[in-house]
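Given chain H's structure and the hints, the job is docking chain R onto it.
2 protein chains.
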Amino acid sequence: MGLKKEELEMKQINKTRILGSGIYLPQSISSNEIETKHNIPIGFSEKFSGVKSRHQVTFETNGYMGARALENALKNAALTLEDIDVIISAGASFDYIIPNVSSVILSEMDNGHSFNKTTLDINTTCLSFLSAFEVASKMLDGEQYKRIAIVSSEIASKGLNPNRPETLTLFGDGAAAFIIGHEEVGNSVFYKGSFQTYTKGIDYTIIKGGGNKYHFKDYPYDSNLYSFEMDGLNLLKLAKKLLPGFIDTFLTELQIKVNDIDIVVPHQASKAGLSIFKNLYALNENQLMDNLETHGNCIAASIPILLHESIISGKIKRGDICFLIGTSAGFSIGAILFKY
Amino acid sequence: MGLKKEELEMKQINKTRILGSGIYLPQSISSNEIETKHNIPIGFSEKFSGVKSRHQVTFETNGYMGARALENALKNAALTLEDIDVIISAGASFDYIIPNVSSVILSEMDNGHSFNKTTLDINTTCLSFLSAFEVASKMLDGEQYKRIAIVSSEIASKGLNPNRPETLTLFGDGAAAFIIGHEEVGNSVFYKGSFQTYTKGIDYTIIKGGGNKYHFKDYPYDSNLYSFEMDGLNLLKLAKKLLPGFIDTFLTELQIKVNDIDIVVPHQASKAGLSIFKNLYALNENQLMDNLETHGNCIAASIPILLHESIISGKIKRGDICFLIGTSAGFSIGAILFKY
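Taken in sequence, the protein lines are chains H and R.
Residue numbering for the first sequence follows our numbering, beginning at 123 and increasing consecutively.
Residue numbering for the second sequence follows our numbering, beginning at 123 and increasing consecutively.
Among the hints, a few may not be true.
The list cannot tell twin chains apart, which means a pair is met if one copy fits it or any two copies do.
[What the hints assert, rightly or not] As a list, the in silico DMTMM-like pairs of lysine to aspartate or glutamate whose alpha-carbon atoms are at most 20 Å apart: (1) Lys137 / Glu407; (2) Lys322 / Glu204; (3) Lys322 / Asp207; (4) Lys461 / Asp382.
Source of the hints: derived by calculation from the structure; they are not laboratory data.
Just chain H, with the same shape it has in the complex (with noise of 0.2 Å):
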């Protein structure tokens, strides 16, 4: 059996409150600039995945856009490095294989080398920030944990084929950055997360070579294996059959209905993605956020732009329900509901 959402309130456990946010862009690039390059036919983007333009590193990397975004972040929130416990980094794509990115990110920061702090990698890819929130709110007690940093610094770009324009055109660049805080005042609340890998779906997203199943040492570098590969017509069949119920299971475990959520915020995942929770049920562009058209699809952190976006935008609200959802490779599905 479920909690209730109320007596998670009563009960003042997970008094998980995000205590700010900030993101880093690196340049965007319009669809037609991309279509231009690669004989794509003009228009196709924004027909195919619905992106008209999305941002793209040229100097930047994971460390640089984390480092940038996180200080944005603690700005925002009026706080500095010294006040935060952990960093987490929630993402799929790195810098190095070794060290873990948010070490790195730590090490990019103005005075990162001043500050000792557990640094810790979690990643499921694309819901790899709902994840670290969970986590998070886990973590969180107010006395060892009392503010930890979420970190989604994510690089698409380099892992395209250039060949394959429904994936070339879809992906983007980007970072962003919450901090997190256990706060006995306020009336936030994290009431659950639920992640399901259903590997029916392994091969469905997949970056064949660069690990030790086609090691670099054993396979030289071809686009073909060494880029991102998408099954989508697989993906959005196996999304399409699976969220239903998944989404029934989340809210019915905590006794809530559909209606008592103020904010859908959904994977940017690709345009026939977003189209499964637009028909799924009846929301409104005021509760349905949505960057895909300026962003495109930013791994994992695409869920926390746009989470970032819509707080400074004033569409998120405090005392807000918001409900972050998302698919990722594996193939998983993701959920997280908090009061903002």
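For chain R alone, kept in the frame of chain H given last:
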């Protein structure tokens, strides 16, 4: 102020209990064999790194070894995959950049496709198992999360530089899995985890190539760029300087003394690294676990393989206070303390 060990036991929080464990080791290869093959003076490995033999993959992948280790752990715990809520992969190496390792492990298990689980990757390089143990202890609530599997499956051998004998002979491959559960019965307790990163040492242990900084699209394979690099001397200096203070703080906050610890399971970083622990405290061989000679440094799998072997051989008994400690890339220090 830290919580006292007794308080934690009385409060009966963090009733985390190891329910079973298992390992998978690929074939063993002697130092003589490696030395002969690579024109390294015979005896160098044992003298320099303290390693006589280690295991190295032939056909195995991270997913394969992890799946076998987890199946062995389930058998050891008299449980089945159905009984597990979450699979955490805790490690630095991987078969694919996407999807994450935990999903690949699930997909390679006997009937893995039949069970949809939460799959989550945690990476603090060599300390990943300790971080995952702490996170799992925070997640386990006996309701949503009753049992969590932590799997560390590491392949170091593919990332070693044939021209650097000191790392070529030091590292090994292998996998270990632990099932931990929230159990009201028994007196097992998770006391505390603590992790600190000092980014002064960010480039003391690094694989430069293969990520977004030196992407394989732009940098063709070369064994120097794409192999693990270690600045052993500076690492050791930093470890020697920081470890005593870190351990003192850890124990003081729990108000316990070194004498209260029954068993120390250190990361098998290197012969010189292990000597720090031997010299720091008056630990006898029944207290300080060690398998460097026969396994080498297996990255994040080192500690759980050694922990498993120490439990199976009877060196660790129910009720023993166990201190797991090590260093990792970052430069990071981390430790967890629990009652087995």
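Verification of the supplied hints:
no.	hint	in the structure
1	Lys137 / Glu407	neither (29 Å within a copy, 45 Å between copies)
2	Lys322 / Glu204	between (44 Å within a copy, 17 Å between copies)
3	Lys322 / Asp207	between (38 Å within a copy, 18 Å between copies)
4	Lys461 / Asp382	within (11 Å within a copy, 43 Å between copies)
Going through the hint list in order, the structure does not satisfy hint 1, though it satisfies all others.
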